[in-house]
Amino acid sequence: MTNPHVVIIGAGLSGLSCANWLKRKGVSFTVLEASERVGGRVATESDGGFLFDRGFQVFLPAYDEARKLFDYSALKLGSFFHGANLMLSSRVALLANPLRHPQEGLRSLFDSTIPLRQKIRLGSLQLRALLAGSPRARCLTTREELQVRHLNGPLEEFFLKPFFSGIFLEEALSTEAQTFWDLFSAFAKGGAALPADGMQELPKQLADRVPQNIRLGAKVLRWDASSLVLDSGETVPADLIVSCVPHESFQEIASRSGAVMQSVLEGRERKPHTQCFYFESVRPIADKPLLFLNARSEGKINSIAPVSLVAPAYAPEGKYLVSVNTVGESRADQNEIQRELSLQFDADVFQWRFLRSYEIGHPLPSAIQKPKCADERVIVAGDFTEQGSINGALRSGRKAAERVAAMIK
Numbered sequence: 008m009t010n011p012h013v014v015i016i017g018a019g020l021s022g023l024s025c026a027n028w029l030k031r032k033g034v035s036f037t038v039l040e041a042s043e044r045v046g047g048r049v050a051t052e053s054d055g056g057f058l059f060d061r062g063f064q065v066f067l068p069a070y071d072e073a074r075k076l077f078d079y080s081a082l083k084l085g086s087f088f089h090g091a092n093l094m095l096s097s098r099v100a101l102l103a104n105p106l107r108h109p110q111e112g113l114r115s116l117f118d119s120t121i122p123l124r125q126k127i128r129l130g131s132l133q134l135r136a137l138l139a140g141s142p143r144a145r146c147l148t149t150r151e152e153l154q155v156r157h158l159n160g161p162l163e164e165f166f167l168k169p170f171f172s173g174i175f176l177e178e179a180l181s182t183e184a185q186t187f188w189d190l191f192s193a194f195a196k197g198g199a200a201l202p203a204d205g206m207q208e209l210p211k212q213l214a215d216r217v218p219q220n221i222r223l224g225a226k227v228l229r230w231d232a233s234s235l236v237l238d239s240g241e242t243v244p245a246d247l248i249v250s251c252v253p254h255e256s257f258q259e260i261a262s263r264s265g266a267v268m269q270s271v272l273e274g275r276e277r278k279p280h281t282q283c284f285y286f287e288s289v290r291p292i293a294d295k296p297l298l299f300l301n302a303r304s305e306g307k308i309n310s311i312a313p314v315s316l317v318a319p320a321y322a323p324e325g326k327y328l329v330s331v332n333t334v335g336e337s338r339a340d341q342n343e344i345q346r347e348l349s350l351q352f353d354a355d356v357f358q359w360r361f362l363r364s365y366e367i368g369h370p371l372p373s374a375i376q377k378p379k380c381a382d383e384r385v386i387v388a389g390d391f392t393e394q395g396s397i398n399g400a401l402r403s404g405r406k407a408a409e410r411v412a413a414m415i416k
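Adding 7 to a residue's 1-based position in the sequence shown gives its number in this note's numbering.
These are computed hints drawn from the structure, not numbers from a lab.
C-beta: ideal position from N, C-alpha, C; glycine also.
Be aware that one or more of the hints could be misleading.
Claimed, not checked - Quick list of the computed label-pair ranges, beta carbon to beta carbon:
#1 Leu106 - Glu366: 50 to 60 Å
#2 Gly33 - Asn342: 50 to 60 Å
#3 Glu366 - Glu255: 12 to 22 Å
#4 Ser349 - His12: 55 to 65 Å
#5 Leu138 - Asp340: 13 to 23 Å
#6 Asp71 - Gly33: 37 to 47 Å
#7 Asp340 - Leu116: 14 to 24 Å
Please build the complete structure, drawing on both the sequences and the hints.
Quick look at the structure:
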């Protein structure tokens, strides 16, 4: 194939990753994005000097795919404390990583909430992750893997379940065990962080390298033998097509194109769902940028994050932004959330100013799919083909670019 032109559908992280890799390989391409911005599910809005990520999101600097693409110094990452405040019925227990915070870690080691032997077990797994990376998991769910690895009991109940429920955005821990270990390893190696100017800086940095190749407001309806057809009626020539839109959106485009599809489901289907409530607190809720986890096994709150302690630009000078997050399909409203917060922060909570909330029904793929299109010109990418994470999205884009490069040799 001589000097082919590639069209990427979707300017989320997978599409932008593919675009950046194609640019490095010297391949001609255009990115068509239906909305008026890049980033897909990764988005940040601003109002009144506050920055609001669309749902509570964090970036893991240890992601191997991210290290290949992002300029970390330009992101100006602010880091979370390596640990968490566990909110119990009558008190808060600190669980700190002694490998990162020796003083706090030693103090938390002797707290009775989680047995010492389980903390030692957790620490040994973190050390293993630092030295050898994530283990290869069996075909189990995360919950099954915790039982097999003897990580259940108080350690699961008070820390692992609320923590990873907040990452997977589903309470049953039915996400694949390999995803658990990959993320566990990434947290152990580099913790969690926020870009200084919001999570939107991730897709923005990738898009800023290829601005002339991106068209916004260009919704693809279908493809034919030599082009893509937009909802405006315009046709865009395409020798090869890389779809980087969600699985459901790709199925719709493929159906309108008369394409024959095959798809292999890997793992179990789940229903991730989350709400995120932003408040301005009257004072800092902690003296460190610590995540608060609901370890009570009751209530709708999963976690509370002092985001402006992690990245000060999320709030105007002298003000404090707090993100309160739920997991599961049971909805909550602002008043319910504030009443539940009062159990932890007393009457101060009723002085907090509610700023805005987000409800996200499809924050992550419901399952890992391996779709294949009978039309050999079409390559399918997206986090749903790899792993429901930023790393999975970036990896899928890179792999798609490598397939393109192999096809045009």
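Taking the hints in turn, this is what the structure says about them:
Our hint of 50 to 60 Å for Leu106 and Glu366 is violated, since their Cβ atoms are close to 37 Å apart. For the pair Gly33 and Asn342, the beta carbons lie near 57 Å from each other, so the given range of 50 to 60 Å is met. The hinted window of 12 to 22 Å between Glu366 and Glu255 holds, with their beta carbons roughly 18 Å apart. About 59 Å separates the C-beta atoms of Ser349 and His12, a value consistent with the hinted range of 55 to 65 Å.
At about 46 Å, the beta-carbon gap between Leu138 and Asp340 misses the expected band of 13 to 23 Å. Checked against the hint of 37 to 47 Å, the pair Asp71 and Gly33 fails, with Cβ atoms roughly 24 Å apart. Between Asp340 and Leu116, the C-beta spacing of about 39 Å breaks the proposed range 14 to 24 Å.
Checked against the numbered hints listed earlier, the structure breaks hints 1, 5, 6, 7; every other hint is satisfied.
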